[in-house]
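Participant: Chains P and W: place on chain V using the hints.
Protein chains in written order, with the numbering used here: chain V, 2 to 498; chain P, 368 to 874; chain W, 12 to 110.
Any given hint could be a false lead.
[Claimed, not checked] Below are the DMTMM-like pairs computed for lysine to aspartate or glutamate, each with C-alpha atoms no more than 25 angstroms apart in a straight line:
(1) V:332 <-> P:475
(2) V:332 <-> P:564
(3) P:531 <-> V:370
(4) P:438 <-> V:82
(5) V:332 <-> W:103
(6) V:365 <-> P:475
[To be verified] A few chain V residues that don't get close to chain P, going by computed Cβ distances all over 12 angstroms:
(7) 18
(8) 35
(9) 37
(10) 38
(11) 44
(12) 70
(13) 137
(14) 158
(15) 290
(16) 382
(17) 426
(18) 436
(19) 454
(20) 481
(21) 482
[Unchecked claim] Per the computed footprint, the stretches of chain V lying under chain W, defined by three or more beta-carbons under 8 angstroms from a beta-carbon of chain W, are:
(22) 138-146
(23) 181-187
(24) 191-205
(25) 471-477
Because the hints were derived from the structure by calculation, they are not lab data. We treat Cβ as the ideally placed atom computed from N, Cα and C, and that holds for glycine.
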Amino acid sequence: MLAAAGFHVPNLDYHALAPEIVVAATLAVVLVADLFLDDDNKWLLSNVSGWGLLVALFFTIELGARGHTASMVGGAYVVDDFALVLKGLFLVVGYIVLLMSANYVEEGDYYEGEFYFLILCSLLGMVVMSSARDLITIFVALETLSLPAYMLAGWRKRDLRSNEASLKYYLLGVLASAVMLYGMSLVFGFSGSTLLVDIGKATQGTITHAPLVTVGIFFIAVGFAFKVSAVPFHFWAPDTYEGAPTPVTAFLSVASKTGGFVALLQIIYIGFIGRSDVWGPMFWALAALTMTVGNLIALRQTNIVRLLAYSSIAQAGYILVPFAVAGSNTKSIHSAFTASVVYLLIYAAMNLGAFTVVIAVARKTRSGDIASFGGLYEYAPGLTVLMTVFLFSLAGIPPLAGAWAKIFVFRAVLDSGTSSAVALGIVAAVNAVIALFYYASVARVMWMSPVPDGDRTPIRIPATLQAALGLTVLVVVAIGIYPQLFAHLGDVASLVR
Amino acid sequence: MLGFPVLTALIVLPAIGAALVVAIPRTRPEIVKVVALAVSVAVLVLACYGLYEFATGTAGFQFVSRHVWIKQWGISWHLGIDGISLFLVVLTALLFPFALAGSDAHHDVKAYTAWMLVLEAGCLGVFLALDLFLFFVFWEIVLVPMYFLIGGWGYEGRVYAALKFFIYTMTGSALMLVGILALVFIHAGHTGHLTFDLQTLAREQSFSGSTARWLFAAFAVSFAIKVPIFPLHTWLPDAHTEAPTAGSVILAGVLLKLGTYGFLRFGLYLFPKVSHDLAPLLLTLGVVGIIYGAIVAAVQRDLKRLIAYSSVAHLGFIILGTFALTTQGVQGGIIQMVNHGLSTGALFLLVGMIYERRHTREIADLGGLQKVAPVFAGVFMLVMLSSVGLPGLNGFVGEFLVLIGTFISRRWWAVVAATGVILAAVYLLWAYQRVFHGVPEGENLKFPELRWREGAVLAPVLALIVFLGVYPKPVLDRMEPSVRTLVERVDRQAGTHQPSVAQGGHR
Amino acid sequence: MLLNQFLFLAAVLFCIGVYGVLARRNAVLVLASIELMLNAVNINLVAFGAYRHNIAGQVFALFVITIAAAEVGVGLAIVVLIFRNRASIALDDADLMKG
Numbered sequence: 002m003l004a005a006a007g008f009h010v011p012n013l014d015y016h017a018l019a020p021e022i023v024v025a026a027t028l029a030v031v032l033v034a035d036l037f038l039d040d041d042n043k044w045l046l047s048n049v050s051g052w053g054l055l056v057a058l059f060f061t062i063e064l065g066a067r068g069h070t071a072s073m074v075g076g077a078y079v080v081d082d083f084a085l086v087l088k089g090l091f092l093v094v095g096y097i098v099l100l101m102s103a104n105y106v107e108e109g110d111y112y113e114g115e116f117y118f119l120i121l122c123s124l125l126g127m128v129v130m131s132s133a134r135d136l137i138t139i140f141v142a143l144e145t146l147s148l149p150a151y152m153l154a155g156w157r158k159r160d161l162r163s164n165e166a167s168l169k170y171y172l173l174g175v176l177a178s179a180v181m182l183y184g185m186s187l188v189f190g191f192s193g194s195t196l197l198v199d200i201g202k203a204t205q206g207t208i209t210h211a212p213l214v215t216v217g218i219f220f221i222a223v224g225f226a227f228k229v230s231a232v233p234f235h236f237w238a239p240d241t242y243e244g245a246p247t248p249v250t251a252f253l254s255v256a257s258k259t260g261g262f263v264a265l266l267q268i269i270y271i272g273f274i275g276r277s278d279v280w281g282p283m284f285w286a287l288a289a290l291t292m293t294v295g296n297l298i299a300l301r302q303t304n305i306v307r308l309l310a311y312s313s314i315a316q317a318g319y320i321l322v323p324f325a326v327a328g329s330n331t332k333s334i335h336s337a338f339t340a341s342v343v344y345l346l347i348y349a350a351m352n353l354g355a356f357t358v359v360i361a362v363a364r365k366t367r368s369g370d371i372a373s374f375g376g377l378y379e380y381a382p383g384l385t386v387l388m389t390v391f392l393f394s395l396a397g398i399p400p401l402a403g404a405w406a407k408i409f410v411f412r413a414v415l416d417s418g419t420s421s422a423v424a425l426g427i428v429a430a431v432n433a434v435i436a437l438f439y440y441a442s443v444a445r446v447m448w449m450s451p452v453p454d455g456d457r458t459p460i461r462i463p464a465t466l467q468a469a470l471g472l473t474v475l476v477v478v479a480i481g482i483y484p485q486l487f488a489h490l491g492d493v494a495s496l497v498r
Numbered sequence: 368m369l370g371f372p373v374l375t376a377l378i379v380l381p382a383i384g385a386a387l388v389v390a391i392p393r394t395r396p397e398i399v400k401v402v403a404l405a406v407s408v409a410v411l412v413l414a415c416y417g418l419y420e421f422a423t424g425t426a427g428f429q430f431v432s433r434h435v436w437i438k439q440w441g442i443s444w445h446l447g448i449d450g451i452s453l454f455l456v457v458l459t460a461l462l463f464p465f466a467l468a469g470s471d472a473h474h475d476v477k478a479y480t481a482w483m484l485v486l487e488a489g490c491l492g493v494f495l496a497l498d499l500f501l502f503f504v505f506w507e508i509v510l511v512p513m514y515f516l517i518g519g520w521g522y523e524g525r526v527y528a529a530l531k532f533f534i535y536t537m538t539g540s541a542l543m544l545v546g547i548l549a550l551v552f553i554h555a556g557h558t559g560h561l562t563f564d565l566q567t568l569a570r571e572q573s574f575s576g577s578t579a580r581w582l583f584a585a586f587a588v589s590f591a592i593k594v595p596i597f598p599l600h601t602w603l604p605d606a607h608t609e610a611p612t613a614g615s616v617i618l619a620g621v622l623l624k625l626g627t628y629g630f631l632r633f634g635l636y637l638f639p640k641v642s643h644d645l646a647p648l649l650l651t652l653g654v655v656g657i658i659y660g661a662i663v664a665a666v667q668r669d670l671k672r673l674i675a676y677s678s679v680a681h682l683g684f685i686i687l688g689t690f691a692l693t694t695q696g697v698q699g700g701i702i703q704m705v706n707h708g709l710s711t712g713a714l715f716l717l718v719g720m721i722y723e724r725r726h727t728r729e730i731a732d733l734g735g736l737q738k739v740a741p742v743f744a745g746v747f748m749l750v751m752l753s754s755v756g757l758p759g760l761n762g763f764v765g766e767f768l769v770l771i772g773t774f775i776s777r778r779w780w781a782v783v784a785a786t787g788v789i790l791a792a793v794y795l796l797w798a799y800q801r802v803f804h805g806v807p808e809g810e811n812l813k814f815p816e817l818r819w820r821e822g823a824v825l826a827p828v829l830a831l832i833v834f835l836g837v838y839p840k841p842v843l844d845r846m847e848p849s850v851r852t853l854v855e856r857v858d859r860q861a862g863t864h865q866p867s868v869a870q871g872g873h874r
Numbered sequence: 012m013l014l015n016q017f018l019f020l021a022a023v024l025f026c027i028g029v030y031g032v033l034a035r036r037n038a039v040l041v042l043a044s045i046e047l048m049l050n051a052v053n054i055n056l057v058a059f060g061a062y063r064h065n066i067a068g069q070v071f072a073l074f075v076i077t078i079a080a081a082e083v084g085v086g087l088a089i090v091v092l093i094f095r096n097r098a099s100i101a102l103d104d105a106d107l108m109k110g
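The following block holds chain V by itself, in its conformation from the complex (with noise of 0.2 angstroms):
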């Protein structure tokens, strides 16, 4: 009957498929396992997921390695160059994510077999985003990140705050998702096809029926501009941040929004290119607002995970920059598409650093103000290293990987060259210096003001965190001082055409 119909079996090549798969079932075999397992052995749980998604990991590197590419499904479904960088991003923030909930998830007497099956779940949602390049394979895809993650922003259940976090963070999303539909719907119309290549063909040069594609746009990019938090999208950020257990704020804040890009990335860059005069003059806009609104009331930020909050929305402002510069010729879309996507490399790293240090000093001072970070140096010197190394690399200091990640978007500006490119160009630098009051009020608290309540017991560090910690720093470091590392990802820009 299926033949009667027409329907072909879809011809799929498992092995480019591997990470789905693994990480598919790894997450049945730890929701299953939950079920048979006692208290006492949840911890297995943890290391089962750990396992699983560096088996992918694996997978991923040895497909890259090999050059393997793919294209599935009739080109909705393809594995190239930058599917597998970002698959690898997502596995290897996974992989920190677990390192820092595992003590924190234990000790705090969460659900734990839950928690790491939904962490798997979205983890799935971002690998199959990095391949899909159709409006339906990105929506699900979309969907299967969010809906876990609105689950684990509730986690405390019996915390208000966390609650609260949940329910703001739900509310946006779906709303975000309802009208990120509404344009995918209107595109759809317009173009005849879900496939992002068709779209591209359909949206280039002189069209009728322009505003159909406009609002079309318009709204996918709102809908996604909710997803990446950028102003004036980004109020349910801070709250969720705040609430959230900070595992999964950590998450949020980088898998989560690096989800995001990759979607906006694959549909501005392969299904939009042509209409850069529509979304141009929108993402400036956006980065403008994003950078200079997010680093002003980070300013006046009394917790420390609130701050990081504002901070990692003026840091989606900087990889909003080159999507505004890249319309204007074909060598400064190359230069963009590269400096967003090292940029959220790059980001990545830094945040989640910056989060597991906050982890490993809460664990002491049971608290997320700032002045509670006082006088860490004299009680906890390695932790306040590296959390000026973050805090720096964040700002933009070289020799750190972030001053790489503002030189590639200096860059994309400068290959635009257009004067609203260098517009753009200049409001970025001033936020970098804007940034840098706070990254280095942090630092000041920490290397110059006293032990708020004298208390210099040291910090007991889990191996787990040291793990993150040491994976981090090093990513940070290694690739300040040696960005050529980069060199050995592939062509990430493989993509644009």
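Facilitator: Below, chains P and W without anything else, positioned relative to chain V:
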């Protein structure tokens, strides 16, 4: 010349020293100082070796070492030294052991010493780098230890001062980074190859007039904050006053020179035409700085703040000499950098000693110290007179050359600046009079005399102050070819010629 | 074909949904308003699919319906959680964190 990479060693050695210091256990603070002194003296010996091996009479870069660092961005570990940077390197290498030996941290010696050594590596890196990216990296590295030194070991208002210092200089750095990137990418757009190499960029001048002007502005603002030039100087008095003694010595002696050196190496060298066009503006700011610094210094009640403002005036002279764009002016500017490092560094150390003894820096609380501590007073007098610019001491040579150099090309600026020399004599001598003359009372009666150890630290600096004042020829000979080449390059690009007097002086 | 009428209906539904999200203070009604927006999307997709003779529109609509169900499941769970902890589902009460 030997194959030994002297310049790389100059930067790496203090960095290794810092790592060593960090590795020493907290329970053995006494070893820390020994290690730090040993490392910084070793750096000094290396620098002197460089001075000895330096080929006098050549203009180009010597001891060049070059290794590719990041290939696809055209960035390399490119170090070199010429007549302009030679003496600044030696000065830096001299002042660090001087500051380390001359004052002690009051707590957490280990971290303090480690930061000092990192600072030394950064400063030497700035003076030696011939690659714009490398230069920027060292420029930024310098900020971080200085921030922590001021904020961690300074006086009452230290945290505010540290943040102010940091924000000011970072603002400049951000602009400079944009300038560097714009310069490099515009160059790449014209020539097709991406490079951060200073010499290549200078040789293939690939930007039009107005672009060059913007690029120069981006660099100039950053340098001007560091120098500091008049309207951007407000961080300096705070930072100087609140910094620990060794911090002030290094800040005045070395860090301020990063800015003036930047003007010579990256302003004049990369943008000769624009430097010539904008010289009147910078000369004016320099003169304003001289007069303003002197007047404000005269009304200070805090001795350390007074010396801080005197720095603003002295640095004004250096800017004046640099933008006179004559061989004498630039030479005078460089030698004035060295002089200012020596005399102001020594002054800050002496004020630090007064503070340790009396726990005050208020001029009004001091008086009659000459009666109880004549040797101390004598040393202070000598250093102060060098700062005033008394003939026979080093300060005179620099100021004289600057004024001659400026008079040749820009007469009226030189005339106004000359009044600054008189003002300097007024405020410094007046301060000396109030602190050392008169009848000692109360606490001042018990003011201890200069100790042998302190004398031993100060002696080499005093010797240099006299030596450079009496016989500056060896120094001038070594810097002359590089300076002449630089000035001629500016003249050629700007299409002007030096007045015949300036040429006649040396041919 | 009657494309414009469908599009107009969808637009009106979408606007009503947006208004509901912005104006309603009851969490359940906000959820219902979001459902309206999603249904507007479905009408669009099916109408365009039929107009273009492309089955992808209806497939897309099916995905939207399925995922919307999952979304509402999660949403109601969160609302129930909040109701248990504070015995209210008014959104104005959820204001512990600001700034």
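Participant: With reference to the structure, classify each hint as holding or not holding.
Facilitator: Outcome of the hint check:
Proximity of residue 332 of chain V to residue 475 of chain P is assessed by CA-CA distance (about 53 angstroms); at most 25 angstroms being required, the pair is judged violated. With a C-alpha separation of about 23 angstroms, the suggested pairing of residue 332 of chain V with residue 564 of chain P holds against the 25 angstroms cut-off. For the hint linking residue 531 of chain P to residue 370 of chain V, the alpha-carbon distance of about 23 angstroms falls within 25 angstroms, and the restraint holds. A threshold of 25 angstroms between alpha carbons decides the hint, and for residue 438 of chain P with residue 82 of chain V the separation of about 22 angstroms falls inside it, so the pair holds.
Under the criterion of a C-alpha separation no larger than 25 angstroms, the hint pairing residue 332 of chain V with residue 103 of chain W is inconsistent with the structure, at around 50 angstroms. Our distance criterion of 25 angstroms between C-alpha atoms is met by residue 365 of chain V and residue 475 of chain P, whose separation comes to about 24 angstroms. Interface exclusion of residue 18 of chain V from chain P stands, the closest Cβ pair being 33 angstroms apart, more than 12 angstroms. The non-interface label for residue 35 of chain V is consistent with chain P: the shortest C-beta to C-beta separation is roughly 46 angstroms, beyond 12 angstroms.
No beta-carbon of chain P is positioned within 12 angstroms of the beta-carbon of residue 37 of chain V; the least distance is around 50 angstroms. For residue 38 of chain V, the condition that its CB be more than 12 angstroms from all CB atoms of chain P holds, with the nearest at approximately 45 angstroms. Chain P leaves residue 44 of chain V outside its interface by the beta-carbon criterion, the shortest separation being 36 angstroms against a cut-off of 12 angstroms. Every C-beta of chain P lies more than 12 angstroms from that of residue 70 of chain V, the closest at about 23 angstroms, which supports listing it as non-interface.
With 12 angstroms as the threshold on Cβ separation, the claim that residue 137 of chain V sits away from chain P holds: the shortest Cβ distance comes to roughly 38 angstroms. For residue 158 of chain V, the shortest C-beta to C-beta distance to chain P comes to about 42 angstroms, beyond the 12 angstroms cut-off, and the non-interface label holds. At roughly 20 angstroms from the closest C-beta of chain P, the C-beta of residue 290 of chain V stays outside 12 angstroms, upholding its exclusion from the interface. A beta-carbon of chain P is positioned within 12 angstroms of the beta-carbon of residue 382 of chain V; the least distance is around 8 angstroms.
A beta-carbon of chain P is positioned within 12 angstroms of the beta-carbon of residue 426 of chain V; the least distance is around 7 angstroms. A beta-carbon of chain P comes within 12 angstroms of the beta-carbon of residue 436 of chain V; the shortest separation is about 10 angstroms. For residue 454 of chain V, the condition that its CB be more than 12 angstroms from all CB atoms of chain P holds, with the nearest at approximately 20 angstroms. Once the 12 angstroms rule is applied to beta carbons, residue 481 of chain V is inconsistent with being away from chain P; the minimum gap is 10 angstroms.
Residue-level check failed: residue 482 of chain V sits 9 angstroms from the nearest beta carbon of chain P, not beyond 12 angstroms. Only residues whose C-beta sits within less than 8 angstroms of a C-beta in chain W count toward coverage, and the stretch 138-146 of chain V has 3 of them, enough to reach three; the restraint holds. Counting residues of the stretch 181-187 of chain V whose beta carbon lies closer than 8 angstroms to any beta carbon of chain W gives 5, which meets the minimum of three for the stated coverage. Under the rule that three or more residues need a Cβ within less than 8 angstroms of chain W, the assignment of the stretch 191-205 of chain V holds, with 3 such residues.
With a threshold of 8 angstroms between beta carbons, the proposed coverage of the stretch 471-477 of chain V by chain W is violated, since 0 of its residues qualify and at least three are required.
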